[in-house]
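Trainee: So the protein sequences, as listed, match chains A and B. First residue of the first sequence? That's 1 in our numbering, and the numbers climb one at a time after it. First residue of the second sequence? That's 101 in our numbering, and the numbers climb one at a time after it.
Bear in mind the hints are in silico, worked out from the structure with no lab data behind them. This structure is a prediction, so every number in the text was calculated from the model and none was measured. Treat the hints with care, as some may be off.
[To be verified] Restraint-style ranges between C-beta atoms, simulated for each label pair:
1. Leu-36/A - Val-177/B: 25 to 31 Å
2. Val-170/B - Asp-10/A: 40 to 46 Å
3. Gly-167/B - Pro-61/A: 49 to 55 Å
4. Gly-167/B - Ala-6/A: 49 to 55 Å
[Claimed, not checked] With a straight-line cut-off of 25 Å between C-alpha atoms, the simulated DSS-like cross-links for lysine-lysine are:
5. Lys-103/B - Lys-45/A
6. Lys-24/A - Lys-175/B
7. Lys-88/A - Lys-120/B
8. Lys-184/B - Lys-66/A
9. Lys-20/A - Lys-175/B
10. Lys-165/B - Lys-20/A
11. Lys-15/A - Lys-181/B
12. Lys-181/B - Lys-45/A
13. Lys-20/A - Lys-120/B
14. Lys-165/B - Lys-24/A
15. Lys-103/B - Lys-86/A
16. Lys-88/A - Lys-103/B
17. Lys-45/A - Lys-57/A
18. Lys-184/B - Lys-15/A
19. Lys-5/A - Lys-165/B
20. Lys-103/B - Lys-15/A
21. Lys-45/A - Lys-120/B
22. Lys-86/A - Lys-175/B
23. Lys-45/A - Lys-184/B
24. Lys-181/B - Lys-20/A
25. Lys-5/A - Lys-103/B
26. Lys-5/A - Lys-184/B
27. Lys-127/B - Lys-20/A
28. Lys-127/B - Lys-45/A
29. Lys-127/B - Lys-24/A
[To be verified] Calculated Cβ distances over 12 Å to all of chain B for the following chain A residues:
30. Ser-9
31. Gly-17
32. Ala-23
33. Ala-37
34. Ser-43
35. Asp-56
36. Arg-60
37. Pro-61
38. Gly-62
39. Arg-63
40. Lys-66
All C-beta atoms in this analysis are idealised placements derived from N, C-alpha and C, irrespective of residue type, glycine included.
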Amino acid sequence: MTLTKAELSDLLFDKVGLNKRDAKDMVESFFEEIRLALEEGQSVKLSGFGNFQLRDKPQRPGRNPKTGEEIPITARRVVTFHASQKLKGMVEDHHGAARG
Amino acid sequence: MTKSELIAKLAERYPQLVAKDAEMAVKAILDAMATSLARGQRIEIRGFGSFDLNYRPPRLGRNPKSGASVSVPEKYVPHFKAGKELRERVDAHAQTNA
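One chain only, chain A, in its complex shape:
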């Protein structure tokens, strides 16, 4: 079982009382605002959940694993997520499995 945007909008309908359309739009906008901030180079800090940060990675040598050919991996900006202490504490003891 996986949590998706559909479940999140159902939740806003049930718990917050938004109508179906607003609930769906709100979930979409929630992730879009985070994307926009990151796109503009801002980190996003959601207290109690975690931080999304940006890292600029320099160019490094790489290889095409199929052909063995050497090709440079270009410099790029990537997003990293650091879970808050609170979230880490919540998942630590989980003994079922949801390995990614």
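With chain A held as given, fit chain B onto it using these hints.
Mentor: For chain B alone, kept in the frame of chain A given last:
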């Protein structure tokens, strides 16, 4: 951007809603995401990314102050993988500003 700035942006986008709704929505979404991971359930948001749990096996660690060895039990840690759209937008913007 902080949680309260995110709430303010959403409240601005939805002037037809009460300001309190944006705050409740953000809290409900984050709460559901955290609870889902705590239950071992993964999260998959198309265009944004996915959150999984990674397993860390038990290991012998050391107390850095005393040097005494301590056993660190197995645990799970949250892991995020950015989705295609997020990855491309963040990088494209970095390239044009370089």
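Trainee: Now tell me if each hint is right for this structure.
Mentor: Hints, verified against the model:
no., hint, result
1, Leu-36/A - Val-177/B: 25 to 31 Å, "28 Å, holds"
2, Val-170/B - Asp-10/A: 40 to 46 Å, "44 Å, holds"
3, Gly-167/B - Pro-61/A: 49 to 55 Å, "39 Å, violated"
4, Gly-167/B - Ala-6/A: 49 to 55 Å, "52 Å, holds"
5, Lys-103/B - Lys-45/A, "6 Å, holds"
6, Lys-24/A - Lys-175/B, "34 Å, violated"
7, Lys-88/A - Lys-120/B, "28 Å, violated"
8, Lys-184/B - Lys-66/A, "23 Å, holds"
9, Lys-20/A - Lys-175/B, "38 Å, violated"
10, Lys-165/B - Lys-20/A, "55 Å, violated"
11, Lys-15/A - Lys-181/B, "28 Å, violated"
12, Lys-181/B - Lys-45/A, "17 Å, holds"
13, Lys-20/A - Lys-120/B, "18 Å, holds"
14, Lys-165/B - Lys-24/A, "51 Å, violated"
15, Lys-103/B - Lys-86/A, "15 Å, holds"
16, Lys-88/A - Lys-103/B, "18 Å, holds"
17, Lys-45/A - Lys-57/A, "21 Å, holds"
18, Lys-184/B - Lys-15/A, "31 Å, violated"
19, Lys-5/A - Lys-165/B, "46 Å, violated"
20, Lys-103/B - Lys-15/A, "20 Å, holds"
21, Lys-45/A - Lys-120/B, "20 Å, holds"
22, Lys-86/A - Lys-175/B, "15 Å, holds"
23, Lys-45/A - Lys-184/B, "21 Å, holds"
24, Lys-181/B - Lys-20/A, "29 Å, violated"
25, Lys-5/A - Lys-103/B, "19 Å, holds"
26, Lys-5/A - Lys-184/B, "16 Å, holds"
27, Lys-127/B - Lys-20/A, "18 Å, holds"
28, Lys-127/B - Lys-45/A, "14 Å, holds"
29, Lys-127/B - Lys-24/A, "16 Å, holds"
30, Ser-9, "10 Å, violated"
31, Gly-17, "8 Å, violated"
32, Ala-23, "8 Å, violated"
33, Ala-37, "4 Å, violated"
34, Ser-43, "8 Å, violated"
35, Asp-56, "7 Å, violated"
36, Arg-60, "15 Å, holds"
37, Pro-61, "19 Å, holds"
38, Gly-62, "16 Å, holds"
39, Arg-63, "21 Å, holds"
40, Lys-66, "21 Å, holds"
Hint compliance for this structure: hints 3, 6, 7, 9, 10, 11, 14, 18, 19, 24, 30, 31, 32, 33, 34, 35 are not met, and every other hint is.
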